[in-house]
Amino acid sequence: MLQTAPDQLALATRDGLPDDLLQLRNKYPRDVWPGHANLGDWVQFWLDRHRMFRELGAMLTDACEQLQGARIGIAEFEPWFTPRLEFFFGHLDLHHKIEEFHLFPVFAKAEPVLEHGFALLESDHQAIHALVDTMQEAATRLLADTSADADKDRTRRAGDDTARALAALVRGLYAHLDDEEDLIVPIVLDHTEAKLGLV
Numbered sequence: 135m136l137q138t139a140p141d142q143l144a145l146a147t148r149d150g151l152p153d154d155l156l157q158l159r160n161k162y163p164r165d166v167w168p169g170h171a172n173l174g175d176w177v178q179f180w181l182d183r184h185r186m187f188r189e190l191g192a193m194l195t196d197a198c199e200q201l202q203g204a205r206i207g208i209a210e211f212e213p214w215f216t217p218r219l220e221f222f223f224g225h226l227d228l229h230h231k232i233e234e235f236h237l238f239p240v241f242a243k244a245e246p247v248l249e250h251g252f253a254l255l256e257s258d259h260q261a262i263h264a265l266v267d268t269m270q271e272a273a274t275r276l277l278a279d280t281s282a283d284a285d286k287d288r289t290r291r292a293g294d295d296t297a298r299a300l301a302a303l304v305r306g307l308y309a310h311l312d313d314e315e316d317l318i319v320p321i322v323l324d325h326t327e328a329k330l331g332l333v
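Going by this note's numbering, the letters in the sequence shown line up with residues 135 to 333, in that order.
Simulated from the structure, these hints should not be mistaken for lab results. Incorrect hints may have been included.
Here are the in silico distance ranges between beta carbons for each label pair [as the list claims (entries may be wrong)]:
{"hint": "1", "residue 1": "R298", "residue 2": "A144", "range": "11 to 21 Å"}
{"hint": "2", "residue 1": "D324", "residue 2": "I206", "range": "40 to 50 Å"}
{"hint": "3", "residue 1": "A209", "residue 2": "R298", "range": "16 to 26 Å"}
{"hint": "4", "residue 1": "A264", "residue 2": "R291", "range": "15 to 25 Å"}
{"hint": "5", "residue 1": "G207", "residue 2": "E249", "range": "49 to 59 Å"}
{"hint": "6", "residue 1": "K161", "residue 2": "G224", "range": "33 to 43 Å"}
Remember, predicted model here, so these are calculated numbers, not experimental data. Glycine included, every Cβ here is placed at the ideal spot set by N, Cα and C.
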């Protein structure tokens with residue numbers, strides 16, 4: 135299903151989903167989702183995973199800002215940051231694989247007119263993983279020396295690079311999560327989890 139998104143639909147340049155992918159979202163706008171009879175356990179769990187990614191992104195961003203502002207040092211930053219970053223990346227990769235190999239085909243079959251939307255979301259995943267790679271490279275440079283006598287200028291520059299890479303990743307990821315929810319939740323509300331075979 136994977137295709138490269140046209141430039142105007144690329145994650146870095148688009149502002150939300152195009153109108154032709156919002157037919158069901160217009161029928162089921164976000165303000166009707168909470169408490170909807172068809173908002174079952176599966177979709178609530180899936181939305182919880184998205185909330186977790188947003189919360190982790192905010193926590194990691196805050197840690198980078200504290201490092202940049204010299205409110206914490208690299209020796210304090212590293213043992214907090216590294217395991218959370220690894221958790222973030224690992225769970226994001228697994229989440230995307232489950233969506234691509236299992237969920238997207240289910241939803242595309244239920245709503246063939248929206249199939250190109252799932253190709254767009256898969257293209258987003260590729261863009262996000264490129265941002266993850268950039269972030270990983272920046273963090274590796276930052277954490278190469280966490281000793282007390284680490285070069286302060288090198289640490290500051292590497293910290294700035296890491297913060298910029300994380301900001302780009304978080305910005306792209308949050309936009310993708312919003313768009314993904316706008317495409318998927320209305321399908322579930324329209325068809326029900328049981329009819330989609332999710333439960």
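Hints the structure fails to honour: none
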